Amino acid sequence: AFLLSFPEAFVSEVHKRISNAFDVFDHEFNHTVDVREIGTIIRSLGSFPTEAELHDIIAEVEEEEPTGYIRFEKFLPTMTKVLMEHKFRPIPDNLLLQAFEVLDQQKRGYLEPEELSKYLMQEGETFTQEEMEEMLSAALDPDKNVIFYKDFVGMMTIDDTQ
Amino acid sequence: IAAQRQDSHDPPFLAMRAALLIQRWYRQYAARLEIRRRCTWSIFQSIEYAGEQDQIKLYNFFGYLMDHFTPASSERKMISHLFCESEVFHDTEWEHYFCYKDIEVPDTYSGPHLTFPLCTHNVTELLEAIKHKQLLHSRYVLQLLGETWKLLRVLPNINVVSTCQSKEITICELFVLNSSIGDLHGHLEDLLLVFYKNGLPSTETPYVFNGDFVDRGKDSMEILLILFSFQLLYPSGVHLNRGNHEDHIVNLRYGFTKEVLGKYKVHGKRILKLLQKIFSQLPLATVIDRKVLVLHGGISDTTDLRLIARLERHRYVSALRPPKRQPREEPCMPGGSLSEGKRGCSGNSERRRVRSLARGTLPLCLPRANSTRTVEEELQERRRWAGLGASCDRVRYLSSNRDPDQDREVTETDMDEWKQLVDVLWSDPMPQDGCVPNKVRGGGCYWGPDVTRDVLQRHKLQLLIRSHECKQDGYEFCHDRRVGDTQTHVRAHTHTNTYIGDAVALYPCIQVLTIFSASNYYEVDSNRGAYVQLGPDLNPHLIQYQASRSSRDLTLRQSVGRTERSALQALREQLFAHKSELINAFQEFDPEHTGMISMRHWAVATETVLHLGLPWRMLRSQLLVSQGEAQEGMLNYHDWFRELTFTDPNNRLAHTGLLETMYRHHSNLETIFRIIDMDHSGLISFEEFRQTWRLLSAHLQTEISDEAISGLASSIDFNKDGSIDINEFMEAFRLVSRVRSQEGGRVNRGTPP
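Chains as they are written, first to last, in full-length UniProt numbering: chain A, 1 to 162; chain B, 1 to 753.
One chain only, chain A, in its complex shape (with noise of 0.2 Å):
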């Protein structure tokens, strides 16, 4: 019913966003989708989910009896309010910088690759290994082989709208 309160064209654009990101995994052109995508079509609209709330999208598209496959009929109505209620919003710079210089305790303004690897692959919903390596691949000053995470944060950034 909430939907009723928003200019058509407006959902309409909502549900074409939607369906592109869609058809981008749907391989075989039956409007369906690997589930182990499914994070990533959701993200790359914009959202910013924990994976605890990405399982609770899943469970809730997902099939009665889970094929491993997720139908756009399912998917469509979710993501929509995932969007137009700004659900799961983008994290602002400062606090994201918030959060590296809590980890950096010598506060030095930078942190060694074990360092950061401790945390993010033991704590919270931890990284996996290949998870850990790409992210250091991007991060990692060469030369002193440590991660100026304020640099890094303004790169990542600048390099969103590239």
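Please keep in mind that the hints were generated in silico from the structure rather than gathered at the bench.
Source: prediction; values computed, not measured.
Check before you lean on any hint, since a few could be wrong.
[What the hints assert, rightly or not] Derived DSS-like pairs: lysine-lysine, alpha-carbon spacing no greater than 30 Å straight-line:
hint : chain 1 : residue 1 : chain 2 : residue 2
1    : B       : K131      : B       : K273
2    : B       : K439      : A       : K16
3    : A       : K16       : B       : K579
Position chain B against the provided structure of chain A, taking the given hints into account.
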């Protein structure tokens, strides 16, 4: 929340929240990167396949001209050589033409000197020389190729290989593995990397190379030399399957012809001719332990290995043409060097004895013949199935209009066999059941899991290994036996650029494995390569790798960015080249010519014109740089084109319609020129050039006046003698296909001969 506040200054708790935040943020970022990569990928693939389709269309266009267009006799002569068999020589005469003996090797030559029969020392020396970018002298090239031709001629159409050598050897060791290498496409680094990881080919380390050794990469010739020399050294250690690029007509477009002529300026033509022979003599498939079928492209619902085993493969010089007819009499070879097992004297009617897969155990499965149709209709039907659009008239023309003593018609059996061959070399799998013509490539078909089940069952096989398609991870499984039409996807691995050695275990019910061994195929870091090892248990083990091009490892972000920029540039070029058509399409949505069009209409119109099946709305922000969505989602398309040309480095091409046409068809143009240049001299006459243009304009349905052509010609400095150097001409318009700037290498773009 209150509870949280209470603990909010508790360090461990804070650390956890910080970690959560960073993880959440980073995963979002990685997802966006992934989707960009997928889009980039589909851009490259769709342009590549459109190019292949184009090639076949171009070839058929010439055929069409031959049938329906009545060009002046000189024009006719010009293109008829494509379809005429000028070679009525028999093998002895060919041997004479290919003779290397009169070629002298100067003292200044510092490369390897090969002696035949080859020994290990020769081959190691050759490998070293190639690694050091030395060119093998044409004398040795011809000699090597000559020996290869002799060897290949006696091989069956289908290699039969077993993982266990013979009963005399004591129990097979686990290390006796076959390695199947997929498409290499002239990527020398990948071949060397595989040899490094897996060992050099030998009787103990046998390899199957699954086609597409050449084109696109810059070291195709070297790859061939390496493969052939190892095969001569260890005939039971190297098995080669033909790919769709082992085809001189395809090579005209995709770079191999140019590479050979560039490297071997004096003897290049001879080498190319000999290679034509060799390609047609390459076996079509390999069967391992009678259970695993390895071939380049794929299968169709009519695939019949018995038929394939029986056909005379050397008659298919190019898969794009119907089979070469046999000369009336095959002379009996007067003994001598080439006779080993040559079938020479038998005459037309006797079928070659071939070591066939069927030892009386296969059920017969022939294509259904429809008895109510006439032979004519049946033939047409088959041709349509072959997907090559060869017209009935043309086949007759080919059959009849040559040497009068060779008027044997192309039979229905020929057409069946031709289709079998094309299917093997050109087909791709699809997730849905069924079998449909492969319109994207223009040849072969798309086949589904039900066809895989049938064909494998019919032939009592358990696995099909093929190549032909580039895969991001270097490999892909599909056609799960258990679940009807579901395609199983293998999770993408991390895209670090370090050299890795993952081995992946088999999914026992998967029936088709695609293997692709050329890493960085589209662009640096676009994909990995992989090869597969099969032991006696027939459990495929996959090994992935990536040949790194730069000494500094690129980060994930950089590699995606780079590939993406490359893809977008290619896409912009396509858009630019279709400017007139696009503007027409836009104006359909803008009847009052306001110059404005909605974003939705822009996407629809662009897809209608380009047929690339791309997610245009997603690409919108990249292709419409400053336009954005300023005026309520409306786009000023004239401004957009102006901007597009601005970003196009070949700025000068923006001006006339003629140049735009040329630019669009530049890869066709080069192919056409090479076709016209029959003797591969690198020169065509001014008159030939004009005629070429007239033919092309007929095809393009554009009006290009003789004046315009002359004007064009005069704007380039031609030699006063009226001959045009192809390279200089193409270079003048910068239409030579892109060679990546960081690649040095032996072949330089646009160097005059």
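30 Å limit on alpha-carbon distance, applied to hinted pair B/K131 and B/K273: Holds, because 26 Å separates the two Cα atoms, which is no more than 30 Å.
Agreement of A/K16 and B/K579 with the hint, judged by alpha carbon distance not exceeding 30 Å: holds (26 Å)
Pair hint outcome, B/K439 versus A/K16 [Cα-Cα no greater than 30 Å]: holds (28 Å)
Violated hints are absent here; each numbered hint is respected by the structure.
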